[in-house]
Structure formats: structure tokens, C-alpha cells
Amino acid sequence: MAAVFCGCGAEEQDRTVVLPPLENHVIDSEKFRIDHIQQYIGSGYAENVLCLAWGDPGTDMLCLLKKEDGGYIYQAIDTGDDTVLSSIFVDDRSLANVSIAPGGGYLSYEVQDGEEMKLIVFCPGQKTWQILHRWEGSEETFSYIWSDDGTMLFSWQNGDTGDAYKEWQVTRYEMEADPKDGFQCIVVRFQMKGNGPAWRSVCPNADGSEIYVREQLSTFGSSMSNEWENGVDGVYTNYDVESNMTAAEVMGESPHTCNWMLLPDTVTAEALPEYSETAVYPVRYTQAGLFVQEENGDLYLIRDIRSQPVKTKLISGKAGAYDPFPCVCVNGDHVFLMEWINYSMYQISGVHIVDGKADGQPVVLYKDNYESLNQIKIVGDQAVVFWGDEFLENNGYRYKVTVLRY
Amino acid sequence: MYRKKRRFFHSILFRISLWILLPGIAGMLLVAYFVEMQMHYYIEKQIAEEMQRVRDNSLLYVRQTLLINDSRMDVAGFELYRNEIEKQLSSAGYREIILCDPEGMLLAGDSKVFGLRKEQEDFARAKEQESAFSVRYGNGGQCEVYFSMPVNLNGQFIGIISSFFDYGELYRGQSDAIERMVWTAVAVFTLICLIIWFTVYRILLPIRKLSRAAGEISAHLADGRQGSMILDKLQFQGRRDEIGELCANYMEMLRVTEEQFQRIREDKERILTLWSSRQEFYNNVTHELKTPLTTISGYAQLMEKNGPGDEELFYIGTEHILKESTRLHRMVVQLLEMQDKADAEDARRLNLAEIVESVTETMKIKANRYDNTLTLKGTKECAPVIGKEDKIRQVLINVIDNAIKYGEPGKPIPIRLTRQAGQVQITVSNQGQGIRKDELETIFEPFYRADKGLSREMGSSGLGLSIAARIMEEHRGRITAASIPGKETVFTISFPAADRKEKV
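These protein sequences, in sequence, are chains A and B.
For the first sequence, our numbering assigns the number 1 to the initial residue and increments by one for each residue that follows.
For the second sequence, our numbering assigns the number 1 to the initial residue and increments by one for each residue that follows.
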């Protein structure tokens with residue numbers, strides 16, 4: 001009966017279907033071509049590797065900090081012939097928030113030293129250390145980002161009062177080589193007035209001369225609103241025992257969002273007009289403009305942010321099951337998206353930005369399986385480098401670095 | 001049984017069932033077929049979309065594998081790094097991977113699988129640089145997809161990739177869903193059919209009852225038992241719809257028919273009675289005529305035989321012959337009077353009171369002879385009627401004569417004249433044995449006579465009351481009799497009263 005009602009379901013059938021010719025976006029992939037792919041799979045367990053960074057553009061050097069023999073070792077590896085160029089002991093204490101500067105010239109980390117926390121920068125080339133900042137306790141939250149040339153470290157952290165909602169700081173540490181002491185550090189700190197619980201984003205430009213800062217209350221874009229007091233007490237300077245520091249206090253103007261352009265060279269701050277009606281999260285501040293991402297994954301370019309901001313949509317939606325993670329080159333003309341297709345497969349797509357607009361749809365450049373993908377970087381607007389963990393059969397992981405040169 | 005079956009196959013219920021079932025089942029099969037086709041279409045569409053992604057990914061995997069290995073993107077590179085490509089595709093979830101060069105020669109993969117695969121159309125298409133997939137639907141819900149594609153990199157055809165994908169789960173899932181849907185539809189359709197069938201059955205039930213009732217009525221039409229017993233069984237008074245209206249009309253038709261039948265039966269009985277009375281009339285006439293003629297004939301023959309010498313016989317015979325011939329003459333006259341219809345032009349205005357008084361006076365002699373007394377009562381005023389005097393007098397004489405003959409001796413015979421409501425009535429009463437109730441209807445028939453023992457006069461013809469009734473009919477009046485046996489009999493003669501202002 002079922003067979004009768006279900007028609008020919010019981011019969012064997014063979015059909016052949018011819019697919020249409022290749023779609024345009026596959027043909028368009030010729031517009032964005034990867035010239036070379038390099039993969040390096042490190043020895044040892046990935047759990048012991050705290051941080052990785054690619055060497056100077058055009059080289060095959062990989063820099064990493066790994067835990068070994070009860071301490072932390074900085075290694076420079078030539079991935080071309082898989083040889084360790086240098087291996088330097090860094091510290092034997094427990095490290096946190098480790099960050100290696102592009103090119104591997106510096107390494108920053110936090111360390112607990114008795115009751116005191118220290119922010120330290122290590123220069124492997126000269127094997128010297130500088131303590132950039134000290135603070136009591138460990139409750140404060142620090143975030144770090146290196147400039148593209150690897151000579152400036154930007155950090156933003158809670159203020160000294162401990163009231164992170166009302167006070168926070170943005171600091172630029174500029175490293176200068178010094179034949180005597182190895183290197184010196186010039187510190188410029190901006191004392192920020194907070195507006196309450198908020199997303200805070202800091203995006204320095206390529207040479208560190210401008211730092212875009214956005215404070216966005218969690219209620220922004222929703223029906224809730226909170227009023228917070230803003231105030232400014234004027235500009236003041238301070239001096240750190242180990243660095244020259246200039247500081248400025250900055251206040252916000254909007255109750256829901258604040259946008260500033262900090263200019264460390266002149267120790268001044270510009271309040272910028274708001275450019276979005278919805279919540280956005282800054283990705284990269286380049287000479288082409290500010291790249292921001294909305295909560296739904298759409299990527300926008302904000303041009304003329306210091307005068308009359310214009311918000312332009314570049315890429316919409318998401319290709320995979322999760323939001324794409326964008327990565328923008330220093331010139332702002334290449335955008336790469338790291339997207340997880342499913343729980344184990346990801347893809348890297350890329351698109352050209354021409355005159356502030358995306359040149360077609362993102363082209364899938366690479367697909368692979370990863371257990372986890374830790375970081376994606378663009379090196380010298382020549383290659384996109386990402387690394388993550390690959391599962392081993394003996395219940396361990398090894399790190400795998402992939403370099404897509406374009 | 002066979003007739004019942006035949007009747008069922010010609011019934012409206014059977015036809016409606018057919019009209020619903022046949023198109024319904026045909027529609028269900030058609031829908032099931034199209035749903036199956038649609039399912040295949042959507043599955044193949046879905047597979048086609050996924051195969052396009054597989055094609056894009058495959059090209060990407062081949063490209064990136066060759067890039068990772070610093071290889072040229074040509075036939076040699078594809079052949080050289082076939083194992084790496086196979087590994088990459090395998091890690092991406094491809095199964096039964098076959099890598100071939102542009103000529104279709106196996107580079108990597110299982111040779112047995114390749115032996116089967118190279119015969120398939122999708123593989124042949126791939127050699128012609130077309131991407132295609134073959135989908136095979138199996139008996140057990142299998143849906144196997146074999147995909148073959150050319151590898152074109154940088155405008156160069158460098159090889160063929162063929163692989164297998166199992167879509168059985170998707171196919172089975174959709175098949176199960178469709179099967180459930182179809183069965184649900186079948187159940188709903190069956191339910192609807194049952195409801196319709198039951199509804200039609202309910203609608204047709206009164207018609208079937210009517211039909212049966214009509215059959216029973218037809219069967220009993222001859223014996224006249226079609227009546228209300230059968231109609232009572234129908235009982236559709238509660239329905240107000242068309243069926244109820246039909247039943248009501250049908251019942252009304254039966255009622256009228258029954259009335260007509262009853263009337264026909266009554267008319268028939270009346271005709272038979274009339275025929276019987278006519279026959280009896282003629283029998284009586286012939287009998288009454290024959291009796292005096294027999295007497296006359298008998299005496300005439302005796303007188304002829306004995307001759308003129310037998311004087312005694314001559315006188316006795318002559319007396320009998322005269323008596324019987326007189327009686328015969330009177331009877332003939334009366335018969336003629338019965339047939340003689342009153343001429344309306346001869347009718348005139350009369351004073352009935354005077355006629356009654358005159359007739360009473362005349363009949364008093366006979367009443368005295370029978371030891372009765374005639375007493376005239378009632379109004380003596382003018383009681384005008386239209387009619388013929390001699391006829392009216394004959395009516396009165398016949399009725400009073402009858403009252404005298406059948407009255408008890410020594411009892412008065414009151415004669416009452418009354419006038420009321422446009423009628424002039426004369427009642428003549430006597431006391432005696434009276435008339436039985438069943439005889440009251442027939443006493444006005446010709447030659448009817450009561451028990452001869454009751455009559456005190458011989459030689460009655462039995463035509464008196466019959467003639468009186470005929471005369472009263474001609475005068476648009478009526479004569480009736482009422483009697484209490486053993487006590488009293490009353491004859492009532494009614495005339496329509498004439499206008500009183502007119503002179504008599």
C-alpha cells in the first residue's frame with residue numbers, strides 16, 4: 001500500500017545530472033590569487049607554546065615563546081629548513097598576557113613579583129628587559145597590541161583608582177634602541193573618564209601616531225539607556241621610574257558611545273562624532289579608514305572619521321555557522337575573513353577593497369581542519385599568517401602555522 | 001439477494017460513493033506520484049547545490065595542495081601530488097576518491113571502484129570537462145551519489161576527481177516524511193469519505209423509506225389497505241428541509257388518493273344497491289302484475305270451461321276479475337304516477353294549511369272505519385308553498401293512509417302543521433309497532449312493505465311512500481320518518497315556504 005501511494009519509491013532509479021558551468025565567484029577568484037602557501041608544523045605539544053609571531057616580511061622566520069625545562073624560552077625558527085635560529089631563556093616565573101611584536105624584535109608579558117604585578121618588555125636581540133609598568137594586585141585587566149613595525153606597544157587597562165567603570169587608561173610604549181641600556185621606552189598615557197560598563201576598543205594606526213578609541217556602552221543600540229557623569233580635570237603629566245611618561249585626561253561626550261582620536265605625539269585627544277546607529281566593534285584603523293564590524297557579522301568601513309564620518313558596508317552576512325573574524329592589512333586594501341564552516345573546518349576568504357568598496361564577494365582562499373585557530377595576522381601586506389592547534393593521535397596537540405602569500 | 005445487490009449498485013449511495021472514491025483514490029495516487037517526483041526534484045536540487053560546493057572546494061583543495069608543495073598547476077603536478085590531494089580530500093569528508101588524468105586513467109584510488117566508476121555517465125562527462133553526478137535510488141531507501149568533475153586550474157585541464165557521497169539519510173528522512181504525510185492524507189480522506197457516506201446515507205434514508213412505503217401501498221392497493229398505518233411509519237414531521245417537504249407532499253397525495261378511493265368504493269356500493277333495488281323493483285312489478293293477472297286468467301279459464309251454465313262461478317269469477325282488474329288498474333296508474341315528473345310550469349302558489357285541512361277531513365272517514373281519530377294541530381294561518389295541489393294532496397293521503405293502516409286502533413293520529421325558518425312542515429304521528437331502525441332507510445323504496453301482519457288492509461301495492469318521496473323530491477322538499485319501535489312513528493313532510501306577501 002505504501003509502495004503504491006509512494007509512487008515509484010520502491011523502484012531502483014539512476015539519474016545523471018550535469019552541473020552548470022563554474023560560478024562567477026570561482027572565476028573571480030583569479031582576482032585574488034594566493035601565490036604560495038607555506039605550512040609549518042611545530043614539534044612538541046602546542047600546549048607549551050604561549051605565543052607565536054611571524055618574522056619580518058619576506059622571511060620564513062617564526063618567533064615563539066614556549067615553556068620548557070621549568071622556564072620560558074624564546075625561539076626563532078627558520079621554517080624553511082626547520083632549524084632553530086636562536087633559543088633564549090626569558091623568565092622562570094609564571095607569565096601572562098604574552099605578546100610578541102611583529103618581526104619578533106620585542107616580547108611583552110606580565111609577571112607576578114611578590115605583591116606586585118609588572119609589565120615587562122624583553123628584547124631578544126639584546127637580551128635586555130625593561131619594566132614598563134607596575135601595579136598592586138592582579139585584578140586589573142590589561143590588553144596589549146603591538147604596532148605593525150613592532151616598536152610600539154599599546155595597552156589599555158583599568159585606572160589606578162580601581163573603579164574601572166569611571167576610570168581607565170590608554171598607554172603607548174615606544175621602544176627606542178639604546179646602545180647603552182639596550183633600549184629605552186617613552187610612555188604616553190591618556191587618563192580616560194569612563195561612562196560605566198562598556199565595550200572599549202583601541203586601534204592604533206600603522207605608525208602609532210594616532211590611536212582610535214571607542215567606548216560603547218552595553219546598552220547602546222538597545223532600548224535601555226544609562227546616564228553617566230562626565231568630567232575633565234585638565235591635562236597633567238606624570239613620570240614613571242623606568243620610563244618617561246606624559247599623560248592626558250580625556251572625557252567622553254556621549255552618554256552611550258564615545259569616540260576619540262588620541263594623538264600621543266602631541267599628547268592630545270580629539271573627540272570624534274558618532275557614526276553608527278548600531279553597536280559596532282572596531283577591527284582596524286588604517287589609512288583607508290576605520291574598519292568596524294557589527295554584531296551580525298557585517299563589515300563596514302568608516303571613512304573621514306575625524307571630520308565627517310561616512311559608514312560604508314563592505315561585506316555582509318556570514319558564510320559559515322559562526323561570525324567571520326576579519327583581519328585587515330595596514331593599507332586597508334585587503335580584508336581577510338576567518339570563518340568556521342563547522343566545528344572543525346574553517347576557511348580563509350579574502351577580498352580587495354578598492355576606493356572604499358569591496359571588489360566583489362570574498363573569495364575562499366584556503367580551507368582546512370583545525371582543532372582551534374588561535375590567531376590571524378597580516379605580515380607587511382604580503383602574507384596572511386594564522387596558526388592554531390592540530391590534534392595528534394596520542395591525545396596531544398601540535399601547533400600548525402599556515403602562511404598564505406598573496 | 002441478487003435483486004438487492006442490483007438495487008444497491010444502482011443506488012444513489014453507491015454512485016456517490018463511486019464518485020468520491022474513484023476520483024479521490026485517483027487524486028491521492030496522482031498527488032503521491034507528484035510528491036515523489038517533487039521529492040526527487042528537491043533532493044537532486046539540493047544535491048546539485050552541494051555538488052557545486054564540492055566542486056568549488058575540490059578545486060580549492062587541489063590548488064592549495066599544489067601551492068603548499070610548491071608544485072606547478074599542471075597535469076604533472078596533479079599526478080605527482082595525487083596522494084596529498086587524495087589525503088586532503090579525504091580529510092574533507094570525501095569517500096571512495098578516484099583521481100584520474102585527463103584521459104581517464106587511474107592515478108589514485110581503489111582500482112575496483114575505478115572499474116565501476118569509469119562506466120558511469122558522470123565520469124564520461126568529466127572526461128568531457130563537465131561536472132556531473134549520478135544519483136542512484138535503491139530499494140532500501142538508498143540514495144548514492146557519484147560525483148565526477150574535471151580539475152581545471154589556470155585554464156588547464158589537469159585531471160579528474162570522482163568521489164562518492166551517501167545521501168541515504170536525507171532521502172530516507174524525506175521519504176519517511178512523505179510517507180507519513182501520504183498516510184495522514186489517506187486517513188483524512190477515509191474519514192471524509194465515511195462522513196460523506198454517512199451523511200448521504202442519512203439524507204437518502206427518508207427517500208428509501210418513502211420508496212418502501214410506496215411499494216407497500218402498491219402491493220395493497222387492490223385490497224385497499226394502503227392507509228395511515230404505512231404513513232405513520234414514515235414520521236418525517238420533524239424535518240423542514242426538502243426531504244421533509246417531499247414527504248409531507250407525498251403523505252398529502254396519499255391522503256387525497258385514499259379519500260378518492262373511499263369515494264369510489266362508496267359510489268360502487270351505491271350503484272350496486274341501486275341496481276339491486278331496481279332489480280327488486282322490476283321483480284316486484286312483475287310479481288304484482290302477475291298475481292292479479294293469474295287470478296283473472298284462472299277465473300276466465302274456469303268460466304270458459306264451465307260455460308254460461310255455472311251461474312255461481314260466473315258471479316264469483318266476475319267479482320274477482322273486476323276486483324283484480326281494478327287493483328291492476330290502480331297499480332298501473334300508480335306506476336305511471338311514479339314516472340310522471342311534475343312540470344315546473346304547472347306549479348302554483350298554494351296554501352298548504354287549506355290542503356292539509358281538506359285532506360284531513362277526507363281521510364277522517366277511513367280513520368273512523370279503523371277506529372282512529374285524526375286531529376289537526378298547529379297553525380291555521382296561511383302556509384304558502386309552490387307546487388301542484390293534487391300531488392301534494394296525494395302525498396298527504398299516502399302518509400295519513402299509511403298512518404291509519406299501521407296505527408294501533410283507538411289511538412289518535414295527530415297531524416301538525418308548523419312553519420319555521422323558511423320551511424313549512426307537516427308531521428303525521430301514529431302509535432303502533434313502529435319501524436325498525438334498519439328499515440327506516442328503505443321504506444321509501446318502491447314496493448317496500450312492512451310486515452304484512454302489521455297492516456290492517458289487504459291489497460297494498462307498496463308504492464305509496466315511494467310515490468310520496470318522489471313527489472316531495474319534485475317539490476324540492478323532503479319526507480323523513482322517525483320511529484321508536486313499539487311506541488310511535490312520525491312522518492315529517494317539509495316544503496320550502498313561498499313568499500308570504502304574495503296572494504294565494
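It should be emphasised that the hints constitute simulated quantities derived from the structure, not laboratory data.
Everything numeric in this text was worked out from a predicted model, so none of it was measured.
Even glycine gets a Cβ: it sits at the ideal position worked out from N, Cα and C.
Hints are supplied without guarantee of correctness; some may be wrong.
[Stated by the list, open to error] Below are the EDC-like pairs computed for lysine to aspartate or glutamate, each with C-alpha atoms no more than 16 Å apart in a straight line:
hint, chain 1, residue 1, chain 2, residue 2
1, A, K367, B, D56
2, B, K290, B, E280
3, A, K377, A, E167
4, A, K367, B, E84
5, B, K127, B, D166
6, B, K388, B, E280
7, B, K388, B, E324
8, A, K367, B, E86
9, B, K118, B, D101
[Claimed, not checked] If you want a taste of the chain B side facing chain A, the calculated C-beta under 8 Å gives, among others:
hint, residue
10, E44
11, N57
12, K127
13, E445
[Said to hold, decoys possible] Not close to chain A: a few residues of chain B, all C-beta gaps over 12 Å, as computed:
hint, residue
14, F14
15, D110
16, M338
17, E408
- Item | Hint numbers contradicted by this structure | Per hint list: 3, 5, 6, 7, 12 and 13 violated.
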